[in-house]
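Residues per chain are reported as follows:
Protein chains: 2
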Amino acid sequence: MSDYDLRDRMAAARGAGTPAESRETLPKEFLATEPKPLGAVTNWHDEADVVVVGYGGAGVCAALEAARAGADVLALERAGGGGGTTAMSTTHIYMGGGTRVQKAVGLEDTTEDMFRFIMASADDPDEEKVRLFCDQSVDHFNWLVEQGVPFKDSIYPERAPEQPNDDCLIWSGNEKAHPFRELAKPSARGHKVQHQAESGPLLFGILSEHASGAGVRTQCDTRVLNLIVRPEDGRVCGVVVRQDQQERNIRARRGVILCAGGFAMNRGMLRNHIPKLLTENVSPIGNMYDDGAGIRMGMSARGTGIHMDDYFITVVWYPPSSLTKGILVNDQGQRFINEDSYHGRCAEHAKQQGRAYLIADNEIFGYPSSGLELIATEDSIADLEAALKLPTGTLQNSVAIYNENAAKGEDPVFHKHADWLKPLVEPPFAAIECSYGIAPYMFFTLGGLKTRASGEVITEDDQDVVGLYAAGRNACGIPRSSWGYCSGTSVADATFFGRIAGRSAAAHEAWS
Amino acid sequence: MSDYDLRDRMAAARGAGTPAESRETLPKEFLATEPKPLGAVTNWHDEADVVVVGYGGAGVCAALEAARAGADVLALERAGGGGGTTAMSTTHIYMGGGTRVQKAVGLEDTTEDMFRFIMASADDPDEEKVRLFCDQSVDHFNWLVEQGVPFKDSIYPERAPEQPNDDCLIWSGNEKAHPFRELAKPSARGHKVQHQAESGPLLFGILSEHASGAGVRTQCDTRVLNLIVRPEDGRVCGVVVRQDQQERNIRARRGVILCAGGFAMNRGMLRNHIPKLLTENVSPIGNMYDDGAGIRMGMSARGTGIHMDDYFITVVWYPPSSLTKGILVNDQGQRFINEDSYHGRCAEHAKQQGRAYLIADNEIFGYPSSGLELIATEDSIADLEAALKLPTGTLQNSVAIYNENAAKGEDPVFHKHADWLKPLVEPPFAAIECSYGIAPYMFFTLGGLKTRASGEVITEDDQDVVGLYAAGRNACGIPRSSWGYCSGTSVADATFFGRIAGRSAAAHEAWS
Numbered sequence: 001m002s003d004y005d006l007r008d009r010m011a012a013a014r015g016a017g018t019p020a021e022s023r024e025t026l027p028k029e030f031l032a033t034e035p036k037p038l039g040a041v042t043n044w045h046d047e048a049d050v051v052v053v054g055y056g057g058a059g060v061c062a063a064l065e066a067a068r069a070g071a072d073v074l075a076l077e078r079a080g081g082g083g084g085t086t087a088m089s090t091t092h093i094y095m096g097g098g099t100r101v102q103k104a105v106g107l108e109d110t111t112e113d114m115f116r117f118i119m120a121s122a123d124d125p126d127e128e129k130v131r132l133f134c135d136q137s138v139d140h141f142n143w144l145v146e147q148g149v150p151f152k153d154s155i156y157p158e159r160a161p162e163q164p165n166d167d168c169l170i171w172s173g174n175e176k177a178h179p180f181r182e183l184a185k186p187s188a189r190g191h192k193v194q195h196q197a198e199s200g201p202l203l204f205g206i207l208s209e210h211a212s213g214a215g216v217r218t219q220c221d222t223r224v225l226n227l228i229v230r231p232e233d234g235r236v237c238g239v240v241v242r243q244d245q246q247e248r249n250i251r252a253r254r255g256v257i258l259c260a261g262g263f264a265m266n267r268g269m270l271r272n273h274i275p276k277l278l279t280e281n282v283s284p285i286g287n288m289y290d291d292g293a294g295i296r297m298g299m300s301a302r303g304t305g306i307h308m309d310d311y312f313i314t315v316v317w318y319p320p321s322s323l324t325k326g327i328l329v330n331d332q333g334q335r336f337i338n339e340d341s342y343h344g345r346c347a348e349h350a351k352q353q354g355r356a357y358l359i360a361d362n363e364i365f366g367y368p369s370s371g372l373e374l375i376a377t378e379d380s381i382a383d384l385e386a387a388l389k390l391p392t393g394t395l396q397n398s399v400a401i402y403n404e405n406a407a408k409g410e411d412p413v414f415h416k417h418a419d420w421l422k423p424l425v426e427p428p429f430a431a432i433e434c435s436y437g438i439a440p441y442m443f444f445t446l447g448g449l450k451t452r453a454s455g456e457v458i459t460e461d462d463q464d465v466v467g468l469y470a471a472g473r474n475a476c477g478i479p480r481s482s483w484g485y486c487s488g489t490s491v492a493d494a495t496f497f498g499r500i501a502g503r504s505a506a507a508h509e510a511w512s
Numbered sequence: 001m002s003d004y005d006l007r008d009r010m011a012a013a014r015g016a017g018t019p020a021e022s023r024e025t026l027p028k029e030f031l032a033t034e035p036k037p038l039g040a041v042t043n044w045h046d047e048a049d050v051v052v053v054g055y056g057g058a059g060v061c062a063a064l065e066a067a068r069a070g071a072d073v074l075a076l077e078r079a080g081g082g083g084g085t086t087a088m089s090t091t092h093i094y095m096g097g098g099t100r101v102q103k104a105v106g107l108e109d110t111t112e113d114m115f116r117f118i119m120a121s122a123d124d125p126d127e128e129k130v131r132l133f134c135d136q137s138v139d140h141f142n143w144l145v146e147q148g149v150p151f152k153d154s155i156y157p158e159r160a161p162e163q164p165n166d167d168c169l170i171w172s173g174n175e176k177a178h179p180f181r182e183l184a185k186p187s188a189r190g191h192k193v194q195h196q197a198e199s200g201p202l203l204f205g206i207l208s209e210h211a212s213g214a215g216v217r218t219q220c221d222t223r224v225l226n227l228i229v230r231p232e233d234g235r236v237c238g239v240v241v242r243q244d245q246q247e248r249n250i251r252a253r254r255g256v257i258l259c260a261g262g263f264a265m266n267r268g269m270l271r272n273h274i275p276k277l278l279t280e281n282v283s284p285i286g287n288m289y290d291d292g293a294g295i296r297m298g299m300s301a302r303g304t305g306i307h308m309d310d311y312f313i314t315v316v317w318y319p320p321s322s323l324t325k326g327i328l329v330n331d332q333g334q335r336f337i338n339e340d341s342y343h344g345r346c347a348e349h350a351k352q353q354g355r356a357y358l359i360a361d362n363e364i365f366g367y368p369s370s371g372l373e374l375i376a377t378e379d380s381i382a383d384l385e386a387a388l389k390l391p392t393g394t395l396q397n398s399v400a401i402y403n404e405n406a407a408k409g410e411d412p413v414f415h416k417h418a419d420w421l422k423p424l425v426e427p428p429f430a431a432i433e434c435s436y437g438i439a440p441y442m443f444f445t446l447g448g449l450k451t452r453a454s455g456e457v458i459t460e461d462d463q464d465v466v467g468l469y470a471a472g473r474n475a476c477g478i479p480r481s482s483w484g485y486c487s488g489t490s491v492a493d494a495t496f497f498g499r500i501a502g503r504s505a506a507a508h509e510a511w512s
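Protein sequence lines, in the order shown, are assigned to chains A and B. Following my numbering, the numbering of the first sequence begins with 1 at its first residue and continues without gaps. Following my numbering, the numbering of the second sequence begins with 1 at its first residue and continues without gaps.
Same shape as in the complex, but just chain A (with noise of 0.2 Å):
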């Protein structure tokens, strides 16, 4: 079932075919500020268990586990279809610890492997959640299969952000750089779901039929405005939504499960809390309804947000891999990574610097795919040095330096990998544009609400929010950062969490 004929199958349930209402035209009380008492609510229009706000990558996990324990489960989603921003990636799932596929392929890696590796690079991480998303990892593969999810077994061996092929593995993150090899014994974990192209779809569509076959209810076109809160004691009732133009109430007996995504969208919400993101050439990835009104529902139920000020950037400086072999300098003429690093490490680096730019020389040169711009070819270092107008002698200390160690093989100043190593030294010599604000960057938040590993959404004092739970980006949950983030962890953790928050919310006793 793709997500036009979810699309079609919600209107013909509803009887309508209303367009998505655009943000532009709403007043201001539509804004997700404040909950609606639930004293104010005179009467209910619909009700279910479980209400599920959002229906993408988390949301469907959420709402096809709930309806599995046994809860009656509304999903709401205000798109004309479900699938949100899960379905528009290339649908990467961070999986470790021995796999199906990774064992098939002859690497080696183990649960704990697994944890060290996403508590080092991890900013801030919850270990909590590391661990259980860790431990049940093998076991998340393995429900992706029985679902039906197709993985082949096998590698895409190439170092690139995502392979062009239905390859399933690819080393998605930092695992192989400097420090954190030696800190956990490296193993691929990126496992794209099997499709030539992105396969976010196809992952959304067997999921999405699994939950309509588990019997959950799905009502697209449907904006949530509000929860509806029980004043006495915070506890979340059910929600406020607009459909079909009208303004409904929908109760919630167990618990609302917010699901709606990141806020990449909000201009608003990025000028209060990230503003450099606000920024020449620096675009949100992300679908239009990635506003954050799930993560302000939550704030306004005594939620609390954090890593607010978080996200993931990137500027996609490989492939060609061979690029790898060259120096990433600042207008110090100063290198700063290891640039066999990720690309969304090296891109958080790089926007720290004035100015950022890819040596290379002839032998390793070769266009960035992703179209980034030759900004110099000199004859020497020395003339690339002025052509880019870098202290006299900074940029021809640095690659001295740098062939004196690649010649033996060492990098003692970032430690980049062997395997990357050669000296620069066969002209031309070429400078490609990375900085920020100048080169195209990427990016997306990782900020979201505070929550349990169960999915219960709390309180700054960590006291729970009866009847609340967030998964996917409306909650922070294991990337946190550009520089320690990895392929593949925002969907393995929308659909590892939504699964955990859906069985969460079906136990939770109901209210009356």
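Mixed in with the good hints there might be a few duds.
The list treats identical chains as one, so a pair stands whether inside a single copy or across any two.
In silico lysine to aspartate or glutamate, DMTMM-like type, Cα no more than 25 Å apart, as pairs [unchecked claim]: (1) Lys-276 to Asp-462; (2) Lys-36 to Asp-464; (3) Lys-389 to Glu-410; (4) Lys-185 to Glu-410.
Hints are computed from structural coordinates only; laboratory data are not their basis.
Starting from the structure of chain A, add chain B where the hints point.
For chain B alone, kept in the frame of chain A given last:
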């Protein structure tokens, strides 16, 4: 009147001398996560037009101006006496545009240069606030003088974090450092209240005496627990306090002004918002009640916190000012900042490195007055490089380029001012430990409620939280990052915007 006089007077006024409650023993329900609905208030124990929460630098200015505008004002302070963190500070007050003291010592300054400098150096500046702050800076100085706050017509010429005497002016920020000196004509703007030591208690004493004279009632040993809010429209109507071990409701007819400080002392909030500060050898600066309660009360009433991840941090590595002629290098043997930058800016950059060392030669060496550790002395830069286990050649290259240019009075790499340039050639050579997590760093928080320049707390959507105001570090104001900080911006911001918030609240319509 000293703090202690105030404490005694307040205790006498209330007929009790109850000690301030310990945070640890308070039950969870006292945490300021939720407002009390107006309907739950059965009786009012006290009332005023304007209620000020927290009686430090911002609070006393808010109370004073509200009272002078004709409002009946009640100021509530949790400690046994007023003063807050302002009274613990050196009391630099950042003012410019041509104050009496600037003119007396022959320093030129204009409102526009002050404005350009703050706009260039602040992180994500709020232009409206910066404009107001600069336009009225001379007026603010004159107002302080009118209250009787003494400023000596003198300048302390040395480069130091604070003057050890009663001189008034000091270069207290990055004004003369690249790139700011090229963007705005530099001037010294840190005005210290005339006093041999820290003058915070003096400033607070003068202002609180005026407030008292203007009719402001103050109640100390009074903890504000919650806001009282009218659920229908979110109007803030008063506060719940704990006083003499009883919970009491205080009506605020016109408005409540939150002036209760940052959250440097609240490890839970730091955990949620700035986890990187919970590191070995990193200590908070502030008073014990800087626990963020005011910020959280504001958030609970639909206010939004901005720059919650931002902070001031420093490691004080000068005086002696001659150390400024040294170079700061990281564990790649590279410089990373122009060393004539303000200590907080240097510290923020040092914090981003793996390690940070100050390198000096014998001619400029002096033990840092802050007691930072000397970790190596060697007869050559090559030996120092080896002693610090830096990659071979890296420090030697950095020093060689630095020396070659310094001999010409230039620093084309980081643009340190010529005043601080000299080749590092006289052995022995020294390294002083400045690494984050090892050397002693100190911080306070800069995030707070989003407010209008006129003091109103606003929501994520920039709607007013009617009846609620904030100033000082309960608001996010002029200072927003360590790399753009200047000594004196906190007290200047607190007193300046405190005054404005007081006038705004006094002029606001009363509820009934």
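Results for each hint:
no.	hint	verdict
1	Lys-276 to Asp-462	between (29 Å within a copy, 19 Å between copies)
2	Lys-36 to Asp-464	both (19 Å within a copy, 18 Å between copies)
3	Lys-389 to Glu-410	between (29 Å within a copy, 16 Å between copies)
4	Lys-185 to Glu-410	within (20 Å within a copy, 47 Å between copies)
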